[in-house]
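**Q** Single-letter residue listing:
2 protein chains.
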Amino acid sequence: MRGLCQEAPAGRAETPGLLYFRTVNKPIRYEDRGASADKAEVHKAIVGEHPGLFPGAFCKVLPDTLTGSPDHCVLVHADGAGTKSILAYLHWRETGELSAFRGLAQDSLVMNIDDLACVGAFGPFLLSNTIGRNAKIIPGDAIAEIIGGYRDCIAMFAEQGIVIESGGGETADLGDCVRTLVVDSTVVARVPRTSIISGEKLRPGLAIVGLHSGGRASYEASENAGLGSNGYTMLRHEFLSAHYKATYPEVYAPEIAALAYTGKYRMSDALPGSSMTVGQALLSPTRTYAPILKAVLAQAGDAVAAVFHNTGGGQTKCLRFGQGLTYVKDDLFAPPPVFKLLRDNPVMAARELYRTLNMGHRMEIVCEPSVAEGIIHASKSFNVDAKVVGRTEASSGKNRLVLKDGAAEYQYEL
Amino acid sequence: MRGLCQEAPAGRAETPGLLYFRTVNKPIRYEDRGASADKAEVHKAIVGEHPGLFPGAFCKVLPDTLTGSPDHCVLVHADGAGTKSILAYLHWRETGELSAFRGLAQDSLVMNIDDLACVGAFGPFLLSNTIGRNAKIIPGDAIAEIIGGYRDCIAMFAEQGIVIESGGGETADLGDCVRTLVVDSTVVARVPRTSIISGEKLRPGLAIVGLHSGGRASYEASENAGLGSNGYTMLRHEFLSAHYKATYPEVYAPEIAALAYTGKYRMSDALPGSSMTVGQALLSPTRTYAPILKAVLAQAGDAVAAVFHNTGGGQTKCLRFGQGLTYVKDDLFAPPPVFKLLRDNPVMAARELYRTLNMGHRMEIVCEPSVAEGIIHASKSFNVDAKVVGRTEASSGKNRLVLKDGAAEYQYEL
Chain C
6 MRGLCQEAPA
16 GRAETPGLLY
26 FRTVNKPIRY
36 EDRGASADKA
46 EVHKAIVGEH
56 PGLFPGAFCK
66 VLPDTLTGSP
76 DHCVLVHADG
86 AGTKSILAYL
96 HWRETGELSA
106 FRGLAQDSLV
116 MNIDDLACVG
126 AFGPFLLSNT
136 IGRNAKIIPG
146 DAIAEIIGGY
156 RDCIAMFAEQ
166 GIVIESGGGE
176 TADLGDCVRT
186 LVVDSTVVAR
196 VPRTSIISGE
206 KLRPGLAIVG
216 LHSGGRASYE
226 ASENAGLGSN
236 GYTMLRHEFL
246 SAHYKATYPE
256 VYAPEIAALA
266 YTGKYRMSDA
276 LPGSSMTVGQ
286 ALLSPTRTYA
296 PILKAVLAQA
306 GDAVAAVFHN
316 TGGGQTKCLR
326 FGQGLTYVKD
336 DLFAPPPVFK
346 LLRDNPVMAA
356 RELYRTLNMG
366 HRMEIVCEPS
376 VAEGIIHASK
386 SFNVDAKVVG
396 RTEASSGKNR
406 LVLKDGAAEY
416 QYEL
Chain X
6 MRGLCQEAPA
16 GRAETPGLLY
26 FRTVNKPIRY
36 EDRGASADKA
46 EVHKAIVGEH
56 PGLFPGAFCK
66 VLPDTLTGSP
76 DHCVLVHADG
86 AGTKSILAYL
96 HWRETGELSA
106 FRGLAQDSLV
116 MNIDDLACVG
126 AFGPFLLSNT
136 IGRNAKIIPG
146 DAIAEIIGGY
156 RDCIAMFAEQ
166 GIVIESGGGE
176 TADLGDCVRT
186 LVVDSTVVAR
196 VPRTSIISGE
206 KLRPGLAIVG
216 LHSGGRASYE
226 ASENAGLGSN
236 GYTMLRHEFL
246 SAHYKATYPE
256 VYAPEIAALA
266 YTGKYRMSDA
276 LPGSSMTVGQ
286 ALLSPTRTYA
296 PILKAVLAQA
306 GDAVAAVFHN
316 TGGGQTKCLR
326 FGQGLTYVKD
336 DLFAPPPVFK
346 LLRDNPVMAA
356 RELYRTLNMG
366 HRMEIVCEPS
376 VAEGIIHASK
386 SFNVDAKVVG
396 RTEASSGKNR
406 LVLKDGAAEY
416 QYEL
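Chains as they are written, first to last, in my numbering: chain C, 6 to 419; chain X, 6 to 419.
Hints should not be assumed to be uniformly reliable.
One copy or two, either will do: identical chains are not told apart, so a pair holds if it fits within one copy or between any two.
To be verified - The calculated lysine to aspartate or glutamate pairs, modelled on EDC-like cross-linking and capped at a C-alpha distance of 20 Å, are:
#1 Lys44 with Asp146
#2 Lys44 with Glu373
#3 Lys141 with Glu255
#4 Lys385 with Glu228
Hints are computed from structural coordinates only; laboratory data are not their basis.
Model, not experiment: these values are computed from the prediction.
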């Protein structure tokens with residue numbers, strides 16, 4: 006324990022931003038470490054950008070400029086492994102194993118595919134990657150692992166009936182800009198307009214089905230810790246110890262030195278409550294839910310109003326979608342060990358964690374209550390637990406979110 | 006002058022890599038600063054990747070997975086502004102003006118569009134950008150400038166009849182990975198297979214037309230220094246003085262500290278032989294040649310065997326295309342001031358400069374000699390100078406390149 010905890014009072018909507026407190030009167034925000042949960046600055050910067058064909062959809066949907074077909078639309082989507090790349094680097098430096106670099110391809114790719122699946126796009130996909138590295142620090146063999154990882158991941162998707170065609174990409178040696186490594190992907194899809202999940206069906210009275218982020222899906226090689234590739238600025242610095250700061254100055258921004266690697270673990274330490282080490286949990290590959298969502302939409306598509314991928318923004322992601330809604334999530338999954346450890350750490354504010362991490366279900370489906378059981382059954386057929394975690398209610402003003410975590414309740418507003 | 010120069014003997018093909026010499030017996034390579042001209046490591050890492058439909062084309066060409074049309078193909082291409090972003094950052098820090106960030110959008114976008122134009126793709130294009138920043142250093146207003154710059158650049162292309170549809174992109178706060186700023190773009194096109202410049206027509210006996218990199222094109226707002234967005238690791242450190250190293254430790258990799266900012270200029274200094282300052286020259290936006298190439302191919306497409314965009318690899322880019330060819334370039338443009346200054350610096354080896362920078366023409370068209378005059382005329386109609394800079398001859402073995410720069414001759418092999 007590194008300080009006193011001061012939880013935000015439950016039951017009161019606050020200005021987002023203030024997160025957790027290390028000492029009374031000394032709040033530390035996610036933003037203090039140079040990351041952003043709500044990306045307010047970015048949203049401000051893109052004001053005036055065209056919202057696309059379906060402004061309420063999870064991703065921006067464009068007219069099919071490529072073929073001119075009025076019946077189709079296209080999506081072009083960019084995302085990456087974020088600062089999770091630093092964990093692969095640390096794993097290599099501490100163990101000599103390059104294998105963790107391989108997983109970054111899946112992290113980078115799935116962050117795109119699963120966003121696209123939220124609008125009902127399941128390929129065929131076009132893929133391009135952009136790798137930026139400090140060539141003085143990241144060897145060519147690590148790049149070869151990443152590129153091999155893309156091949157593996159494309160093969161895994163193919164087995165699930167999801168076709169991804171890779172156009173290769175760009176690997177740039179940018180040591181003056183990049184401390185270690187950045188692994189980004191861009192994915193393109195073209196789909197019939199009628200298949201888009203537009204968000205227009207969002208209304209009060211719908212069920213929210215959560216797909217569990219832990220366990221081991223039928224298409225996974227091992228148990229998954231449940232993390233996506235977001236929130237890693239918090240995760241790294243909260244879990245990992247000053248050893249990493251002292252030994253590898255290239256793994257943090259000097260501007261946040263005072264808040265860097267303030268945790269108590271080495272990557273080789275056991276993760277309490279889990280059979281994984283801390284390193285294994287943090288490097289656990291980003292699971293794709295696309296095979297499950299594809300099955301769900303084939304079966305109950307008309308009754309699905311929205312699908313939310315709880316990455317940046319965590320459980321509050323839903324707030325930006327629909328109008329006049331209160332999202333009530335009052336029967337959440339028990340958080341998998343990596344999340345539980347954060348929640349039980351008195352230094353952390355649970356309210357903030359839910360704003361940053363998925364905490365137990367990374368994917369949620371807002372649907373007619375009548376199809377919820379069928380969706381749960383479909384998910385379980387892939388060995389991914391699922392349940393009704395909440396519902397939509399009417400809100401008189403802005404969208405709201407009420408989260409219940411045991412006895413605690415957290416409220417958020419758009 | 007910071008050391009003795011030891012030029013590579015002219016007329017002998019060498020192993021690429023050794024570049025220029027600051028002191029005898031102490032060679033300094035482009036790679037020593039963490040950048041790569043020939044990207045040997047990257048090429049090794051992607052061995053085994055599918056070469057696409059037209060292995061001899063300038064870009065990887067994929068089957069049209071998006072629509073399944075056997076008559077079409079698609080391209081997905083990634084590139085970025087590279088470390089030129091650091092110059093925009095320095096301009097802002099030294100002058101308080103955010104405007105230079107705006108130009109990074111054009112740099113990042115044109116590096117893609119002009120590569121795609123080399124295979125005969127002129128849109129409609131889909132665009133996505135990926136911006137990585139250190140939020141402690143790069144303000145939201147800078148991101149807004151970049152995003153505004155994309156809008157400007159898309160409008161400029163539209164005026165030239167080239168349609169680009171933007172899907173927005175991702176701005177990630179990655180301070181632990183990114184020292185300042187990375188601005189990448191990914192561009193997608195779908196074109197009829199018959200319109201692809203496949204490189205299959207490359208043979209001895211063709212003319213090489215160079216499109217000048219200096220001057221001011223009819224669609225440009227001011228004179229262009231002639232640089233693309235490549236080679237900036239060399240350019241920054243060779244031109245800019247230790248002032249930048251001392252004042253802004255965030256603009257270089259600590260691993261190359263001894264070679265960082267070893268030049269003699271401030272950005273506000275006049276660039277000798279030019280009306281620009283050093284900063285204006287280095288920040289000069291990456292010119293697109295796509296409007297010219299579109300006109301050229303409409304007029305003489307059947308007689309064009311290849312188009313090369315001389316970015317990374319500089320004048321040696323051609324070596325990777327065709328078989329059994331000697332590219333002879335013996336009537337080059339006089340280098341614009343920024344290149345001349347490097348060439349005349351006794352610390353630099355001209356042989357290396359030609360391997361890294363375009364040195365005077367960033368675009369070259371390999372064509373039937375009979376159409377060369379018409380191509381030159383077309384280019385001049387856009388106020389971009391052009392001339393026959395060389396020809397293809399037969400080579401008994403690997404592709405070779407012979408470059409003549411006045412009395413000096415430089416040879417390169419694939």
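**Q** I want to check one pair: Lys141 and Glu255. Are their C-alpha atoms no more than 20 Å apart within a copy, between two copies, both, or neither?
**A** both (11 Å within a copy, 16 Å between copies)
**Q** Please sort Lys44 with Glu373 into within, between, both or neither, judging by C-alpha distance up to 20 Å.
**A** The answer is neither: 31 Å in one copy and 54 Å across copies each exceed 20 Å.
**Q** Are the CA atoms of Lys385 and Glu228 at most 20 Å apart within a copy, between copies, both, or neither?
**A** within (15 Å within a copy, 63 Å between copies)
**Q** Using 20 Å as the alpha-carbon threshold, which applies to Lys44 and Asp146: within, between, both, or neither?
**A** between (34 Å within a copy, 13 Å between copies)
Hint check: a violation occurs at hint 2 only; the rest are consistent with the structure.
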